[in-house]
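Colleague: Residues per chain, in single letters:
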Amino acid sequence: MENIKSIIEALILASEAPLVLEKICAVLPETGKTLIKEAVGELIEEYKERQGGIYLQEVAGGLQFRTRPELGDWVKKLKSTKPASLSPAALETLAIVAYRQPIVKTEIESIRGVDVGYQLKGLLEKKLVRIVGRKDVPGKPIIYGTTKRFLEVFNLKDLSGLPTLRELKELHEQQEPIEDYSST
Amino acid sequence: MNEEHTTDYAIKLDIFEGPLDLLLYLIKKNEIDIYNIPVALVTEQYLQYLKMIKSLNLDLAGEYLVMASTLIHIKSKMLLPEPEEPEEEEEEDPRAELVRQLLEYQAFKEAATNLGERPILERDVFTRTAFLPEETEKSTATEEELIEVSIFELIEAFHRLVSRIDKKELLEIDLEKMSLTDIINGIMERLANEKNLTFDELLGERKERWRIIYTFLALLELVKLRMVKAYQTSAFGVIRIFPAVES
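Taken in order, these protein sequences are the chains called A and B. For the first sequence, this note's numbering assigns the number 223 to the last residue and increments by one with no breaks. For the second sequence, this note's numbering assigns the number 381 to the last residue and increments by one with no breaks.
Please note that the accuracy of each hint is not assured.
What the hints assert, rightly or not - Partial list, derived from the structure: chain B residues whose beta carbon lies under 7 Å from chain A: (1) 152; (2) 197; (3) 238; (4) 242; (5) 246; (6) 248; (7) 249; (8) 258; (9) 259; (10) 326.
If you are wondering where the hints come from, they were derived from the structure by calculation, not from laboratory data. For each residue, glycine too, the CB sits at the ideal point set by N, CA and C.
For reference, chain A alone in the conformation it holds in the complex (with noise of 0.2 Å):
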């Protein structure tokens, strides 16, 4: 066990991009996979016991190590590049995209009750969001998502990693208390 933690470890220092579960499965044919995520969540663990300068973070689907975000501030200081800082309004149409897509521009202008298209233009840009396709109606609206870059860059395992949206869950409550008993 201890020697597969060492080699997933190796491993993960070594990919450039999120590894993923499979890659590491791939290396270890010989390892279970439960084993395998055993020893990966051992390791997430220890970098989390130790409180280092680095920790395991499960993002974009994948495995890779990060510094820890209190130390961004050093670490800024060794860098030359600025992060490339999005406006309120780019970040509220990138959280509608997130939480509501597949979406078309129509619906996100609805939501924010003003014209997104100059925000959509900087996110498709930076690469956050994408085309997923065009909508089979009237005029092919195009339907965007969000890019596996959104996920690297917010520091998510997935999409369920968003939190829930307060408000909304609040108002479904209001308004379906009869369903909510029914359904109990």
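With chain A's structure known, arrange chain B on it following the hints.
Modeller: Relative to chain A, chain B alone:
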């Protein structure tokens, strides 16, 4: 409207992301219950804001006017006396749709804030990124941001390569000549198989001076004919040659 209010509005103007955002602000400011909006009050304040925006000569997005008319419509509906004979279907509160919209927008506004507060890559968290362009995997090279290379950079790369070859070889005279066409065809053939190649890879182990020159001339020709494209991942990085039309 007194002057004090005027300045208050002026400061707030540019933070609104749209009519819904402005409405949410008014609701919060007046400590209103979102499920029971006093439409008359909110409409009045909303219109004051629109006046303000106009007086400042700022562009007033059409969406703000649509919302204004919606508010006035709701207000007038609510002023109508209740029908004497109760209708069979209970009439929906004229504010219901607006409330739904506001709550939905509020939820996403909050979600956006949450997103922005997450540990963001290259802002709060960093990965072990740096790999030299020389080590770049071919598969990842295409996903990176590539800078199109100018002829000058090609020439510079050529110069670096020539300066690297053994001086002794300069004296060799090889009579076995190849035509430029052969080299061009060779390059295109290899690009079709391997998607992209560096200048170094194009030459392989055979770095005779004439071959370097011929390959370089072939590349210049191909770039001119727009049959290939040259990219690098960073300034002074390795130049990669891509076929111009993906097969």
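Colleague: Does each hint hold? Answer for all of them.
Modeller: A quick look at each hint next to the structure:
no., hint, in the structure
1, 152, "holds, 4 Å"
2, 197, "holds, 5 Å"
3, 238, "holds, 6 Å"
4, 242, "holds, 5 Å"
5, 246, "holds, 4 Å"
6, 248, "holds, 6 Å"
7, 249, "holds, 5 Å"
8, 258, "holds, 4 Å"
9, 259, "holds, 4 Å"
10, 326, "violated, 26 Å"
Checked against the numbered hints above, the structure breaks only hint 10 and satisfies the rest.
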